[in-house]
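Chemist: Residue numbers (this note's numbering), protein chains in the order written: chain A, 1 to 111; chain B, 1 to 116.
Quick caveat, the hints were computed from the structure, so don't treat them as lab data.
Just so it is clear, CB atoms sit at the ideal spot from N, CA and C, and this is done for glycine as well.
Incorrect hints may have been included.
The calculated label-pair distances, taken between Cβ atoms and stated as ranges, are [to be verified]: (1) A/S26 - B/S5: 31 to 39 Å; (2) A/R76 - B/K14: 44 to 52 Å; (3) A/G54 - B/T13: 40 to 48 Å; (4) B/N18 - A/R76: 21 to 29 Å; (5) A/K79 - B/P70: 41 to 49 Å; (6) A/N22 - B/S87: 44 to 52 Å.
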Amino acid sequence: RKEVEQDPGPFNVPEGATVAFNCTYSNSASQSFFWYRQDCRKEPKLLMSVYSSGNEDGRFTAQLNRASQYISLLIRDSKLSDSATYLCAVNRAGNNRKLIWGLGTSLAVNP
Amino acid sequence: DTGVSQDPRHKITKRGQNVTFRCDPISEHNRLYWYRQTLGQGPEFLTYFQNEAQLEKSRLLSDRFSAERPKGSFSTLEIQRTEQGDSAMYLCASSPGQGVTGNTIYFGEGSWLTVV
């Protein structure tokens, strides 16, 4: 089993839809969790950190479920500009310096 | 622009040649990382510096790869005797290393390497 797993998609949704992605991690001692957005042939850009209490930034909401060992990203009122690959990253337990990455989930928002 | 900067952005080289990439991290960040990414994959960790000390190096990194951060500021990644399998985007990233957001990393725009 991979340390961090994501459904690669692609997720095809119409504008205005709500879409959610999950990312599972295998090490229960992991401490830091992040969602990054990556456009084609560009660098990953931090979307949001994921806190235990969950956090929200505009149309984006991130949640952490420690019991089931996954993080989620919810996008409400999808825009065409949300089309991208969404990468999750999890720190390796005992090694806060290095993040382990999922392969990403591809999202296409259609007009 | 005070983000992470990388140079060159694109490099095409012949197999067997050496290439060097430079990274300038965010100025107050003391951690610097090198990653490699190919299409359809997530970033793959190569190596990590805390100030000038190289603290970790991936076992996936062959002896042809070497990285330095001599003064704890900019870093270079050199690939010797390039092979076609080295073709990828090489990403540099930095993080503060302390505080609540100490583990949050910020990427540069990447250096694309094509080995022909």
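Chemist: Determine for every hint whether it applies to the structure shown.
Modeler: Here is how each hint holds up against the structure:
1. A/S26 - B/S5: 31 to 39 Å: Holds - the Cβ-Cβ distance for A/S26 and B/S5, about 35 Å, lies within 31 to 39 Å.
2. A/R76 - B/K14: 44 to 52 Å: The hinted range 44 to 52 Å holds for A/R76 and B/K14, with Cβ atoms some 50 Å apart.
3. A/G54 - B/T13: 40 to 48 Å: With Cβ atoms ~46 Å apart, the hint holds.
4. B/N18 - A/R76: 21 to 29 Å: 49 Å, violated
5. A/K79 - B/P70: 41 to 49 Å: 44 Å, holds
6. A/N22 - B/S87: 44 to 52 Å: Distance hint for A/N22, B/S87 is violated at roughly 32 Å.
Comparing the model with each earlier hint shows violations of hints 4 and 6; every other hint is respected.
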